[in-house]
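> Spelled out, the chains give:
2 protein chains.
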Amino acid sequence: MLKQALLGVLCAAVVLSIGILIGHFGISKSSSSEPSWMKDVVKDVDENLIKQFLSEVKTSELEQNLRELTKIPHMATSPGDEQTVQFMLKRWKDPSSGLDDAWRQEYAVYLSFPDPEKPNKVTVVDPSDAELYTVREKEKPYYDDQRHPDVVQPYAAYAPAGHPRGKLVYAHQGKAADYELLNKTVDLRGTIAITRYGGAGRAAKAINGAPYGVVGVLVYTDPLDINDGVMSDTSETYPHSWYLPPSGVERGSYSIPFGDMLTPYLAAKDDTYRIPRENVTEIPPIPVQPIGFEDAYKLICELGGDAAPSDWQGGFNCTYNNGGPGFNTDSVFNNSDVKLDIYNHETVKNSSNVMGIIRGSVEPDRYVIYGNHRDSWVHGAIDPSSGTSVMLEITRVLGSMVKQGKWRPRRSIIFGSWGAEEFGLIGSAEYTEDYFTKLSERTVSYINVDIATFANATLRASGVPSVQNVIFQASQQVSAPGHDSLSVYDNWIKYSNRTSPTHGLIPRMGYLTGAGSDYAAFVHYLGIASMDISYTYDRTKTNARIYPAYHTAYDTFDYASKYIDPGFVSHQAVARTAGNILIRLADSLLLPLNCTDYAESLEDYLKEAVTLYEAQLQTKGISMEPLKWAVANFRREAKNLEELIRSSHLANDTPLKARRINDQLMLLDRAFLNPYAFPDQYGFRHVIWASSSAGKPTFPGLADAFARVQSSGEPRDWEKVHYHLSVLSQAIDGAASMLAEVI
Amino acid sequence: MLKQALLGVLCAAVVLSIGILIGHFGISKSSSSEPSWMKDVVKDVDENLIKQFLSEVKTSELEQNLRELTKIPHMATSPGDEQTVQFMLKRWKDPSSGLDDAWRQEYAVYLSFPDPEKPNKVTVVDPSDAELYTVREKEKPYYDDQRHPDVVQPYAAYAPAGHPRGKLVYAHQGKAADYELLNKTVDLRGTIAITRYGGAGRAAKAINGAPYGVVGVLVYTDPLDINDGVMSDTSETYPHSWYLPPSGVERGSYSIPFGDMLTPYLAAKDDTYRIPRENVTEIPPIPVQPIGFEDAYKLICELGGDAAPSDWQGGFNCTYNNGGPGFNTDSVFNNSDVKLDIYNHETVKNSSNVMGIIRGSVEPDRYVIYGNHRDSWVHGAIDPSSGTSVMLEITRVLGSMVKQGKWRPRRSIIFGSWGAEEFGLIGSAEYTEDYFTKLSERTVSYINVDIATFANATLRASGVPSVQNVIFQASQQVSAPGHDSLSVYDNWIKYSNRTSPTHGLIPRMGYLTGAGSDYAAFVHYLGIASMDISYTYDRTKTNARIYPAYHTAYDTFDYASKYIDPGFVSHQAVARTAGNILIRLADSLLLPLNCTDYAESLEDYLKEAVTLYEAQLQTKGISMEPLKWAVANFRREAKNLEELIRSSHLANDTPLKARRINDQLMLLDRAFLNPYAFPDQYGFRHVIWASSSAGKPTFPGLADAFARVQSSGEPRDWEKVHYHLSVLSQAIDGAASMLAEVI
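Chains W and D, in that order, give the protein sequences. Heads up: the first sequence begins at 509 in the working numbering, then just goes up one per residue. Heads up: the second sequence begins at 509 in the working numbering, then just goes up one per residue.
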């Protein structure tokens, strides 16, 4: 009995032990001891969600968006602009496919318009003041779009009003070198210069001429530059093709800086201090008017004087002469002047950004910003509505996922529909000035899709080197339009590629070295890892500077859907690629920003700088060693950080480790900012990507300083070269220290 | 049998179930399902550790540190300085009480020294060039300390070499207003001005005089300003008391900007670009020499001309006359000139910071920085060695805890022993320029303890308003020296207090509005929440401008231990308070930075600005409403954030939530930076605390702009007032948006 009892107790003990073991190890205890937030904080990007996103981007929606956006002209602050504001707000507040929140944000900004009551006028007047010829006031209508009363007359925004009159000369592209050359044989004092688009910025064509005494400037688009030589609207140009009709005129902002010009480095609110208007520089000092090549033909082919240099000749079937100054003696215009009557006026008006957000679940204080401007010059089907259509399709698909409770990004997403970009990237620049510190400290990346489809051949992407990787990754997952079995990436590499020491043959990304669209304030002023994405041309098929209807009354839904992207498949490819990038930036546990790719670009720039400058710098006793050490230092720290990332298991580690590494990657570009490096270039602080006039593929401040001393020969200008070397070396060292072991 | 068997199975099942229940609920599974890092990431500051720290801070160690540090003079870059570098490194690398790591970091900086071979000379010379009187070359020795060969001759660093000679005038404190007044009755052209310390910065005394034709400047310390009138060294002054002996001379830097003057906004490395020396401004344009009041007495009491205004009179038993210019006709110096022979020279020399770190365990990428300069003018017992002694005692106690494995802070701690502070805060400024972005992005707070003990009466603390709370908290836990039952806080409130709308009666903190010590680059250039801590005077007992031996050969261990802090109890109180603050900043789960206290200070400043300026601004059509809205906005967002903090259980929430709120608090001051607001004030970017000359307790840029237009009457100067209102409103709005819900 005792034995039996003992056996019973023993059995019970064994069974109890088994029970304890089962209870302890066999049953998951996650609900009680693992905090509820654990799963969320270590979650990585979900590839199935990306697949779902890609499958839900619809050409039909993209087409419908574009149709809505282009119903009427929507120049900044016009009634049509207000209509697009309302349209964006309605879409982003939609209860089933909208965002978490959306609102309008206004800035009071300095704009320039022609006078609808007194249209700008360009005439040829003989010595008795008789008008022999009058340039067309508006573009020729082919459809109702061109007849819309809100089509703004072609004008040069920010060119002053005035009534200059003088003998005509042909000044090619209006570059400084063009006027210098022309001035050697022609007395430019009191003349009107006709110039063509390209070569120099819009404002520069007037700013460069004024010192020689030029009193007014005409600007036109030469058929050679835009139409592959095609000129006739009876069969060749739009509406028969994508080419520019003879009366088409490129409008544009004739100002150099970006952002509101009256409120530098301050947000343009109602009560903000504004500098006196006479202190606004970097706009034309003399009246300017853009005209079509139909009119330019009449003027240029009547010019007297010597024949212009061969590389100044264009697409017209006549010799481009310099101008006597003035017209040929056997011309009907002999002895006549050209007269400009310009009635532009500047005014401060309220322009709206429309902002929309999706709140982040785990790191709401980290922002991925996606933006495009909303304002156009006329209907703006391609510029910017193709991009706005893409943005709206991305927000529709993502917004629906959020509203259905299927998804919430790890980080917050901010969408910006910027106002008044056409006047100088104003809406986006004011936004960055308004929230400078907040955006600096929290923004992971900025994605810009302005013109989504210049054409339908291939992807084009520009950005800081750290975003190359995520663009590649995303574009590999999207089918190229019209090629079901070819990815956007594989198609891209066929059109534009390079050999990277690290990656081998890869598509060639561009750099964001200028201020071509709203990425400017983000990359140059805030130092945020930015990118710009679009679909573009097959360069073997056209030499057009840009799509021919750019900034004209022909950039319409009809034009876009017939000649740029029939079927909206390129819009779709861009929406899928950009949306994929956006999701990856918002959802990845480890930010998909690659610092060794940055090292590669710095090494390229260094190599070029050494080749171009070192020998001469040595003769001046200026050493490039600190720059070499800095780049080597950056490479070493980038490699170390990448190894740390490779050897880490972030999902098993404290969430503060992922945050720490992500902060290192996110803030890398901030270390390249220097607010004192370019005192003459408003808003440019990024010492690697700032705008440069030297045209060399290397560090901009160094290249410009070197070019300056080469031309001036002033010993003091060598000091600037040395200064920029120090700025660069220390910025790169500072960036390397951001990548180094944090302490 | 069946029944028995069934019973057995039933029993077994029950036992098994019990086992399972025990196994599942009874035994903690933390090791398997709760990640190992969980405990660390939610750990808060440990009050027991603070108690232990407080108990281990020893007066004997503080005394011994000071004795070691003051053995020989250690002016920047001197052999004595190198000796202190070695001493710091030895202590910080000590295997049982040192830090995780320590190293030296050198910058090549622009310094100014007298010539030991040709000492500066000040003489009275008669018309036949006979020397009637020669000013003492070195201070009178009482002990070996003063006889040490490395005691540098008194000089005005950065004042140029030269040999000016002229009639003497008395220009009071050398303020602009002083020269302006004096010039009304005395022709200042070609004169030597004698001025006294106080009222204006050192360099200003020469910069203000030169435009009137003054060719040389003498500077002395009036006994009224430093010695409560006491003058005789036979019984009254040191070595009989803390008062300045008659031959004592305050040395100092006669430069205005901080940081190395040849490398503005760049770290002064060997190859860094240096501006031409002739471009260095804001230093005296004419020779200057500081002298003792023993010599000043001889000169001033012989001056001719009218009696100087009553508020220009000083502690000498004679009437201070303006000077004829020159001496009294019945003086032995009648018709004589004063001649300066100044042989100062500038040179670029390597100066060392000594850096030491304790790595953070949870957030190594967050830094608490604690610093003090190491260089002195002579032995520098009080300035700066009292602070260095305190820093070494803090590192000894904390280092021992780290080496014993008892403690590792949540965040990283960086200790900086700065070089060349006396020449213009150079070591700390170069450090912030060298690691600008890294320090901006990661630094939680900067604690400066330079002169730890001006005197032994009460704590003195200055800082941005958000650090008030942690200073109060820490000082409540430390006993006041000599008062076992009274805290440092309760003692402090007796000496200096104010009534806060929120807190009632509290000690009065100062603001960091100038560049008095190494906090300058941290708060003004980087926008880091900074503080400066010391023990100081009972103002009912002395009117001395500063402790009398300041910058003289009498600031020795003997002086400090006898007359400033016998028993080293004030050193101990400062070490305990500052160390407590440091531990709280490094270890608290939620950063102890308080944003509603910031709101209170902004409201004070606003109230003052409205009182002083609003009526006149209204007459100019400039509205103060945007500033009022901004301050109200800041208050609202600060209150909301504080409520969010109160309602949060950070220890139970994702560690990313604490990090998010901490980032909001840490980065608050960054939003107040504007690199364009003060183009004429090097390194000043913080629009709330920048240096101001208007002397009003309100926003500095606004106050200075208003003062300027009041004096100039220029309509254009009203624009600057409006500009600064916009800068301020937008900075405060930007700061409010940092506190607002993150998205």
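What the hints contain is simulated information worked out from the structure, not anything from laboratory work. In this text the structure is predicted, and so the values were computed from the model without any measurement. Errors might be hidden in some of the hints.
When chains are identical, the list treats them as one kind, so a pair holds in a single copy or across two.
No more than 25 Å apart at the CA atoms, straight line, and that leaves these computed lysine-lysine pairs for DSS-like [said to hold, decoys possible]:
(1) 598 x 911
(2) 1165 x 547
(3) 806 x 629
(4) 911 x 547
(5) 857 x 1128
(6) 857 x 1228
> State for each hint whether it applies.
Checked hints:
no.	hint	in the structure
1	598 x 911	within (15 Å within a copy, 63 Å between copies)
2	1165 x 547	both (16 Å within a copy, 15 Å between copies)
3	806 x 629	within (16 Å within a copy, 84 Å between copies)
4	911 x 547	within (21 Å within a copy, 36 Å between copies)
5	857 x 1128	between (52 Å within a copy, 23 Å between copies)
6	857 x 1228	between (40 Å within a copy, 24 Å between copies)
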